[in-house]
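K.L.:
Sequence:
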Amino acid sequence: MPSPQQARAQASAITSGKTAPEAEVSPTSRLRALFDGPHLSPGQRRIAQYLIENITEAAFLSITDLADRVGVSQPSVTRFAAAVGFSGYPALRERLQSIALGTLAGGPATAEVNRSNELQAAVDAEIENLENLRRDFADPDQVIDIGRKLSQSTPLTILGLRISVSLAEYFAYAARRVHPDVRLVTRGGSVAYDALLQSREAGGTWVLAFSMPRHATETLTAVRVARSAGLKVALITDLALGPVADEADVTFATGTGSRLVFDSYAAPGMMAAAVLQAMTDAGPERTQARLEEYEQIAEQHQFFLRD
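Residue numbers for the sequence shown follow the working numbering, beginning at 1 and rising by one.
Hints are not guaranteed to be accurate.
What the hints assert, rightly or not - Quick list of simulated restraints, FRET-style, between CB atoms:
#1 R148 to P75: 42 to 50 Å
#2 E94 to H39: 39 to 47 Å
#3 T56 to F304: 43 to 51 Å
#4 S62 to F304: 54 to 62 Å
#5 V191 to D36: 28 to 36 Å
#6 S41 to F303: 50 to 58 Å
#7 D36 to D68: 22 to 30 Å
#8 R187 to E53: 27 to 35 Å
#9 E292 to G43: 52 to 60 Å
#10 H39 to S190: 31 to 39 Å
#11 T64 to G203: 49 to 57 Å
#12 S62 to M270: 34 to 42 Å
By construction, these hints were calculated from the structure, which means they are not laboratory data. No residue lacks a Cβ here, since even glycine has one placed at the ideal position from N, Cα and C.
Please take these sequences and the hints and turn them into a complete structure.
P.N.:
Here it is in structure tokens:
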């Protein structure tokens, strides 16, 4: 009998293309598509980030109110609107309002939200993050492509520093079941530099990095070191805009839960699981062989309790 992991590896392969005709692009993804193309200044990135995080409210602000909220000048908002392809702020606000109204129409009823307590509200926010991710997965081609490239990189380096360590450890633990050489980097500074340079010298081609808020300066530095060494970087983070995302070759941006004192990572965890699935799909024979070998070792040494 195959193990649950083996069964999922056989039965859960990602298929290319938009399989759900009713799927719609998430509001967050529409904003990222709107803002990702142009080269934005740091001040303009702050405006974009504020709009992404507060779309349902920000879309109805005057130019004065938006400038005050972000902490920039009114001309900066006007230049931002022009930078992302609009004739001025009124035209940009009209587009934002259409996106925001779609978000409100698809979200939970206001009365229900008002009846929820803080923990329920935090869960509701995570459900929204997962719904947005589900819409993003309507076209999984980029996930499939990166899964194949990570699978082919030997060694494969997984980078996660500070708060991002837990996600990196989860990914590395699972990836080792299906990949022959996974190297985990959870310490910054010269330790990270050594590991990244050694990975490249050993023939590695890709790094998968995690960067959750608050984004660590040492993560940015490590990503830059990886790029300078000739490694390509795939990044799982919370926003597609910002210094770390700017350095990555490919960015998968998913929302994090920020309603409680410490952030929660339902959507980034799901994104990590999807990339792992894509890696298993990229080499089904190797995946099956390695899982079978691991199951034999686990049984021999009684790694796990019998349920």
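K.L.:
Each hint needs a verdict: does it hold in this structure or not?
P.N.:
Comparing the hints with the structure gives:
1. R148 to P75: 42 to 50 Å: Given about 46 Å between the Cβ atoms, the range holds.
2. E94 to H39: 39 to 47 Å: For H39 against E94, whose Cβ atoms are near 24 Å apart, the range 39 to 47 Å is violated.
3. T56 to F304: 43 to 51 Å: holds (45 Å)
4. S62 to F304: 54 to 62 Å: holds (60 Å)
5. V191 to D36: 28 to 36 Å: Holds, since V191 and D36 (Cβ atoms, about 32 Å apart) stay within the stated range.
6. S41 to F303: 50 to 58 Å: holds (53 Å)
7. D36 to D68: 22 to 30 Å: holds (25 Å)
8. R187 to E53: 27 to 35 Å: Holds, at about 30 Å.
9. E292 to G43: 52 to 60 Å: holds (55 Å)
10. H39 to S190: 31 to 39 Å: This hint holds: roughly 32 Å between Cβ atoms.
11. T64 to G203: 49 to 57 Å: holds (56 Å)
12. S62 to M270: 34 to 42 Å: Hint holds: Cβ distance 37 Å, inside 34 to 42 Å.
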